[in-house]
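There are 2 protein chains.
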Amino acid sequence: MTNLTLYQWKGSPNSRRIRIFLAEKGIDIPFTPVNLGEGEQRSDWYSAINPRRVVPTLVLEDGTAIGEVPAIMRYLDEAFPDKPLLGTTPEEKGIIAMWERRMEQEGFAAVMEAVRNAVPGLKGRALAGPHAYDQIPALAERSRRRVADFYIDLDARLGEATFVAGETFSAADITALVAVDFATNALKIGIPEEAAKVRGWYETVSARPSATA
Amino acid sequence: MTNLTLYQWKGSPNSRRIRIFLAEKGIDIPFTPVNLGEGEQRSDWYSAINPRRVVPTLVLEDGTAIGEVPAIMRYLDEAFPDKPLLGTTPEEKGIIAMWERRMEQEGFAAVMEAVRNAVPGLKGRALAGPHAYDQIPALAERSRRRVADFYIDLDARLGEATFVAGETFSAADITALVAVDFATNALKIGIPEEAAKVRGWYETVSARPSATA
Chain A
1 MTNLTLYQWK GSPNSRRIRI FLAEKGIDIP FTPVNLGEGE QRSDWYSAIN PRRVVPTLVL
61 EDGTAIGEVP AIMRYLDEAF PDKPLLGTTP EEKGIIAMWE RRMEQEGFAA VMEAVRNAVP
121 GLKGRALAGP HAYDQIPALA ERSRRRVADF YIDLDARLGE ATFVAGETFS AADITALVAV
181 DFATNALKIG IPEEAAKVRG WYETVSARPS ATA
Chain B
1 MTNLTLYQWK GSPNSRRIRI FLAEKGIDIP FTPVNLGEGE QRSDWYSAIN PRRVVPTLVL
61 EDGTAIGEVP AIMRYLDEAF PDKPLLGTTP EEKGIIAMWE RRMEQEGFAA VMEAVRNAVP
121 GLKGRALAGP HAYDQIPALA ERSRRRVADF YIDLDARLGE ATFVAGETFS AADITALVAV
181 DFATNALKIG IPEEAAKVRG WYETVSARPS ATA
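So the sequences go chain by chain: A and B.
No gaps in the numbering here: position 48 of the first sequence is 48 in the working numbering, and each next residue is one more.
No gaps in the numbering here: position 115 of the second sequence is 115 in the working numbering, and each next residue is one more.
None of the hints are false.
Sample of chain B residues facing chain A (criterion: CB under 10 Å; computed from the structure):
hint : residue
1    : Arg52
2    : Leu60
3    : Arg101
It is worth saying that the hints were derived from the structure and are not from the lab.
Cβ coordinates follow ideal geometry from the N, Cα and C atoms, glycine included.
Whole structure, please, built from the sequences with the hints as guidance.
Set out below in structure tokens:
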């Protein structure tokens, strides 16, 4: 296991998705910090590892670099099949992939879009990656409304199932948990009072030891 | 195989990603049309199948509905392991998931965002899904620039490898092919003259029998 290295940053919510994933599976690998506060993701050394200049990246023993959170999760669940977080049967795998993606697109990505299009320090870098794009204030506003809708939809879903993708904790819960904390911390949009199912679920998942990862 | 049904629409680029995937694997299943031109994705009957009101959706014999293109691909490659399109080793699976996602986010999603934020018929429906969001003209413009950057980045990638994810045709090529055709048809942003590697790759992949699916 020590032949893998995770390039990541402690304050990065996308890095936290992988840290929690590793903690749930009991995989202990070294972390190499990429200091986002100092723009280290745009350094020559890190751009050579991940030309998209985003964290996290998982580097294998042979130097192969895997970027993109769902792709890193996929590798880890295949290489370390114990305690699967992406399902075991084809049907479970499809269902968990669907819900993990919805939590990302409707929750996590909406928070990220609101942050990137509003924070003064991200002017000219409204999208992650190597290209420069201007912020769009109207988009930041629209994204905040998406986060509100995310909570409503998640509350409805958690009325149908104990965890996001069904009766078992999965990668979909990890992404949803990180999205909720990211919305709460970065946008000050916490779980609304009326979303009782989300509140109950959040208490359960945030009490798992992995949540501190 | 006939116990699966794909709910889809012939003019939907996301549906085409799955049609090509099925054709490559030689899986023959019935298609049920969801007429996007008439807004049938918002009908009661289809909303019951997919509450996100988007196509495609794969419905299994037991009624389980799997939405989201990468999740449908995941199910199909697990349930029908012949002719894998998402890789065979953990490393291949991670690398293909990474590139398929980049082709989607940097190519396909950029085209979709440009279309949804500009087409008059999509006023008030700037994002797919059950919620109403206004179009943002500045976003449509930014997305068009993203499509131009997508071609540049894809050209660089195809200087390193024969296919998008490496030396083998994979799901990443399917998403990239559909993104290029979508950009060309819907935005009139075709492959730029100088992107010679993309042109060569496009000739190869669009000549495969699956491309007509």
